[in-house]
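Visitor: Given next are the chains, with one letter for each unit.
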Amino acid sequence: MDAQKYLNEIKGRFPGTADAAPERIKDGVPALLCPAPFLFEIVKYLKAEGFNYLMDLCATDYRDSLEVIYHFCALETNVKLTVKVRLDREKPELASITPLYPGADWQEREAFDLLGINFPGHPDLKNLLLPCGWEGHPLRKDYSRKPDQYD
Amino acid sequence: MTENTLKDKDGFETMYLNMGPQHPSTHGVLRLGLVLDGEVIIKAEPDIGYLHRGMEKLAESRTYQANIAMSDRFDYVTSMNNNFVTALAVEKLLGVEIPKRAQYLRILMAELNRVVNHILFFGFFAMDLGATTALIFGFREREEALELFESVCGARLTYNYFRVGGVSRDLPAGFIEKAGNFVKMMRSRLKDYDDLVTGNVIFQDRSVGIGRISKEDVLAYSLSGPVMRASGIKYDIRKDDTYSVYREFDFEVPVRENGDCFDRYMMRMLELREALKIIEQVLIKLEPGEILAKVPKIIKPPAGEAYVRTESPKGELALYLVSDGTANPYRLHLRAPSFINLQILQKILTGVKVADVIAILGSIDITLGEVDR
Amino acid sequence: MNAYILKILRGFWSLLVGMKVTLKYFFKKPVTVQYPYEKREIAPVWRGILNQLCDAKGVELCDGCQICGRICPVQCISMEVYKDPADNKRKTSSYIVDFGRCMFCGLCVEACPKKCLVHTTDYVLVSYERAGMVLGKDKLVKR
Amino acid sequence: MGILLDEAPYILENFPGGGIVITSADWFINWSRANSLWPLTFGLACCAFEMISANMSKYDLDRFGVFPRPTPRQADLIFVAGTLTKKMAPRLKKLYDQMGEPKYVISMGSCSNTGGPFYDSYAVVKGVDKVIPVDVYVAGCPPRPENLIEGIKKLQEKIKKDTIKNNGRAKIFK
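Chains as they are written, first to last, in our numbering: chain S, 1 to 151; chain W, 152 to 524; chain U, 525 to 667; chain F, 668 to 841.
Note that these hints are calculated values from the structure, not bench results.
Virtual Cβ for every residue (Gly too), placed ideally from N, Cα, C.
Fair warning: there could be bad hints in the mix.
Claimed, not checked - Computed list of lysine-lysine pairs in DSS-like fashion (alpha-carbon distance at most 25 Å, straight line):
| hint | chain 1 | residue 1 | chain 2 | residue 2 |
| --- | --- | --- | --- | --- |
| 1 | F | Lys793 | S | Lys141 |
| 2 | W | Lys448 | U | Lys639 |
| 3 | U | Lys531 | W | Lys342 |
| 4 | W | Lys329 | U | Lys553 |
| 5 | F | Lys760 | U | Lys663 |
| 6 | U | Lys663 | F | Lys825 |
| 7 | W | Lys366 | S | Lys44 |
| 8 | U | Lys563 | F | Lys825 |
| 9 | W | Lys342 | U | Lys544 |
| 10 | U | Lys581 | U | Lys607 |
| 11 | S | Lys126 | W | Lys390 |
| 12 | U | Lys638 | W | Lys445 |
| 13 | U | Lys548 | W | Lys335 |
| 14 | U | Lys639 | W | Lys445 |
| 15 | S | Lys84 | W | Lys243 |
| 16 | F | Lys760 | S | Lys146 |
| 17 | S | Lys47 | W | Lys498 |
| 18 | W | Lys504 | U | Lys531 |
| 19 | F | Lys820 | U | Lys563 |
| 20 | F | Lys793 | S | Lys146 |
| 21 | U | Lys563 | W | Lys329 |
| 22 | S | Lys141 | W | Lys451 |
| 23 | F | Lys793 | F | Lys760 |
| 24 | F | Lys760 | U | Lys563 |
| 25 | F | Lys760 | F | Lys825 |
| 26 | W | Lys498 | S | Lys126 |
| 27 | F | Lys821 | U | Lys663 |
| 28 | W | Lys335 | U | Lys552 |
| 29 | S | Lys47 | W | Lys385 |
| 30 | S | Lys44 | W | Lys390 |
| 31 | W | Lys335 | W | Lys436 |
| 32 | W | Lys448 | U | Lys638 |
| 33 | W | Lys342 | U | Lys552 |
| 34 | W | Lys335 | U | Lys544 |
| 35 | W | Lys366 | S | Lys47 |
As the list claims (entries may be wrong) - Partner residues are not named here, just some residues of chain U that face chain F (Cβ under 8 Å, in silico):
| hint | residue |
| --- | --- |
| 36 | Tyr559 |
| 37 | Cys626 |
| 38 | Tyr647 |
The task is simple: from the sequences and hints, build the whole structure.
Guide: Written out as structure tokens, the structure is:
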């Protein structure tokens with residue numbers, strides 16, 4: 001468990017970070033729950049520590065809050081680490097990590113499009129998959145839609 | 152295609168070229184907005200979502216088994232690999248042990264599908280560069296492979312072969328012989344492919360040195376699969392972060408250094424040979440046994456989440472699955488290799504001649520079903 | 525200049541090598557199946573149009589348990605069930621499958637407890653209107 | 668050609684023996700139309716691969732005079748092969764409008780027939796016939812290439828029943 005070392009280091013450095021319910025995560029990858037304002041700094045730290053590959057970025061709606069999940073990997077040592085952020089459902093805002101990992105560009109746009117999470121600092125945040133002018137965010141659990149002429 | 156002229160900030164006339172969504176060479180319904188200065192691209196902007204079917208939302212209203220059936224339609228060229236990752240994720244949540252024979256059958260099917268995908272890549276890439284014969288040859292071999300799939304699972308494209316805890320059907324009589332013949336035939340056909348396309352000077356002129364992707368870009372843009380390995384990073388999830396029983400098989404991870412279109416093409420041709428090698432080994436190792444573990448009829452994994460990575464022919468195919476203890480997944484997110492590999496287009500198309508767009512797009516090997524989901 | 529000519533010659537040679545491959549297949553038997561006249565062999569496990577089986581006397585085996593309809597991911601199977609007063613058994617008065625929507629996944633066949641729902645190797649279903657793809661009992665039940 | 672074909676039936680009807688001319692003209696025109704269906708290469712999703720297979724070596728749609736064209740201006744048949752999404756629907760309509768008359772549509776596979784596996788999706792059009800008129804539906808998910816050939820044969824049957832009397836004025840006043 002090499003990644004645990006980084007986890008403890010981060011927990012010491014950034015107050016408010018904690019382990020994210022390890023009993024929920026079945027694959028045994030250490031996960032970190034961090035407060036939204038620190039995210040950019042933590043990711044910056046992780047990148048400097050050798051987590052050079054962003055495997056995946058996605059978001060989930062947990063009815064009371066939104067959760068953004070980052071899966072990082074250090075390709076040389078094959079150490080994996082998950083970072084989770086809980087966001088307010090009404091006004092979800094999270095610093096964009098696209099300046100650090102350009103590969104996060106479309107994944108953040110996808111989260112913006114389908115779950116309505118705002119990423120300040122993103123170079124070009126606009127909808128990606130849905131047509132222009134689509135109302136609502138389909139991946140939210142309470143999404144409902146009026147039938148249109150195509151239904 | 153619509154064309155119009157715009158003036159950029161220095162007063163030079165540029166042209167906006169709208170390529171797609173209906174274009175014979177964009178591999179589906181991809182739209183590219185290209186700003187051109189003469190023949191050179193100043194800015195390229197891929198516009199996706201023309202095949203966005205909302206599959207991640209639909210997954211939340213389907214059972215786990217139905218989700219495996221739906222996963223055939225994520226990337227319809229590599230359905231078996233999609234089945235594989237979905238089944239693995241559910242099994243990780245459930246914590247079931249898979250019988251040995253089922254493991255081998257899964258790998259056999261996944262590798263056969265890798266062969267099919269790379270044959271198709273060969274055909275379409277050569278077609279994009281102007282060689283029609285290659286596509287006709289490619290589809291001839293693909294039909295042979297599809298016949299194998301059809302005899303096992305009863306469909307040509309949407310297999311729905313994997314079950315939670317194993318596979319749905321055992322091999323029919325004579326399959327091993329037929330598959331062995333297919334591997335032998337494929338080996339001899341690969342020589343034809345090399346004579347026909349790889350050694351062709353026109354083909355090389357149009358692909359060598361075109362669309363270089365550096366190592367740094369690969370990491371920054373999280374590229375994966377053959378695109379990554381063509382740029383000199385030796386990382387294959389089957390070897391480095393192994394899953395299922397891949398560690399029992401002996402195969403190489405080919406690497407190329409230049410990262411141009413030709414290297415990405417060669418990567419697939421080399422991987423195809425490795426996949427054939429794995430198929431041969433599986434056919435020898437297969438032993439009679441159970442093909443389905445004991446799982447409840449209605450699958451209700453305990454609450455939790457799992458992230459499973461696999462190596463699909465297109466790259467790193469991963470699934471993030473959240474269960475809340477009911478019969479339907481709470482959230483299913485696919486890390487689609489095509490979706491993430493496609494992002495690099497914005498960067499590498501800048502400064503490229505418009506004739507090379509198709510070559511570069513073809514060499515990345517995307518399926519729009521997976522890009523848009 | 526020399527390199528230029530050399531390249532042309534090399535290109536010409538590679539062209540000849542490619543032509544040799546095509547020439548090799550020129551004299552072989554064509555792979556094309558002349559479809560309407562000769563048909564390809566379909567695998568017996570082919571997931572085609574659904575059929576309902578009957579027993580030896582021609583009585584339907586289906587007892588209207590509705591499992592196939594519930595398990596169908598696209599809900600293309602619908603049926604009406606009644607209780608036959610003669611032998612006090614459940615039976616279906618109508619059994620409709622919308623093949624316009626069916627995704628041919630085979631989950632219904634696997635779930636059928638009576639094993640009376642089967643896929644046939646029949647794959648041809650074309651029609652001029654949507655309703656032509658909705659098949660009822662008259663087409664589905666195999667006596 | 669257009670005016671000649673549009674007006675000829677009404678003029679010919681007034682002459683003795685004109686009916687024979689019309690029927691033989693019908694036969695000839697329908698024969699040539701039915702055997703040179705040029706489809707637009709319009710692949711959307713999974714079914715596109717079965718459509719390409721049907722065009723390739725094993726099935727070879729060229730035998731039926733079906734030869735894919737990359738632009739709608741040269742095409743008179745469109746295979747809607749795959750899922751039509753709401754983002755794509757206006758584009759399909761535009762492509763269809765660009766095709767010259769007479770034009771035919773084959774809806775291929777469950778997705779384009781009724782929405783199929785995505786029947787309850789927020790982003791999918793529930794059947795191509797909500798956007799453009801469909802002549803032949805081919806069922807399957809995806810249909811085998813043989814099934815697609817059956818669909819083309821069915822379309823040819825439909826074309827062969829057509830008459831030039833349905834052109835021009837009849838079409839306008841219908």
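Visitor: Give a verdict on every hint.
Guide: So, going through the hints one by one against the coordinates:
| no. | hint | result |
| --- | --- | --- |
| 1 | F/Lys793 with S/Lys141 | holds (22 Å) |
| 2 | W/Lys448 with U/Lys639 | holds (16 Å) |
| 3 | U/Lys531 with W/Lys342 | holds (23 Å) |
| 4 | W/Lys329 with U/Lys553 | holds (20 Å) |
| 5 | F/Lys760 with U/Lys663 | violated (35 Å) |
| 6 | U/Lys663 with F/Lys825 | holds (24 Å) |
| 7 | W/Lys366 with S/Lys44 | holds (20 Å) |
| 8 | U/Lys563 with F/Lys825 | holds (24 Å) |
| 9 | W/Lys342 with U/Lys544 | holds (12 Å) |
| 10 | U/Lys581 with U/Lys607 | holds (20 Å) |
| 11 | S/Lys126 with W/Lys390 | violated (38 Å) |
| 12 | U/Lys638 with W/Lys445 | holds (21 Å) |
| 13 | U/Lys548 with W/Lys335 | holds (18 Å) |
| 14 | U/Lys639 with W/Lys445 | holds (20 Å) |
| 15 | S/Lys84 with W/Lys243 | holds (20 Å) |
| 16 | F/Lys760 with S/Lys146 | holds (22 Å) |
| 17 | S/Lys47 with W/Lys498 | holds (21 Å) |
| 18 | W/Lys504 with U/Lys531 | holds (23 Å) |
| 19 | F/Lys820 with U/Lys563 | holds (15 Å) |
| 20 | F/Lys793 with S/Lys146 | holds (14 Å) |
| 21 | U/Lys563 with W/Lys329 | holds (20 Å) |
| 22 | S/Lys141 with W/Lys451 | holds (20 Å) |
| 23 | F/Lys793 with F/Lys760 | holds (15 Å) |
| 24 | F/Lys760 with U/Lys563 | violated (36 Å) |
| 25 | F/Lys760 with F/Lys825 | holds (23 Å) |
| 26 | W/Lys498 with S/Lys126 | holds (18 Å) |
| 27 | F/Lys821 with U/Lys663 | holds (20 Å) |
| 28 | W/Lys335 with U/Lys552 | holds (18 Å) |
| 29 | S/Lys47 with W/Lys385 | holds (20 Å) |
| 30 | S/Lys44 with W/Lys390 | violated (29 Å) |
| 31 | W/Lys335 with W/Lys436 | holds (18 Å) |
| 32 | W/Lys448 with U/Lys638 | holds (16 Å) |
| 33 | W/Lys342 with U/Lys552 | holds (17 Å) |
| 34 | W/Lys335 with U/Lys544 | holds (21 Å) |
| 35 | W/Lys366 with S/Lys47 | holds (16 Å) |
| 36 | Tyr559 | holds (5 Å) |
| 37 | Cys626 | holds (6 Å) |
| 38 | Tyr647 | holds (5 Å) |
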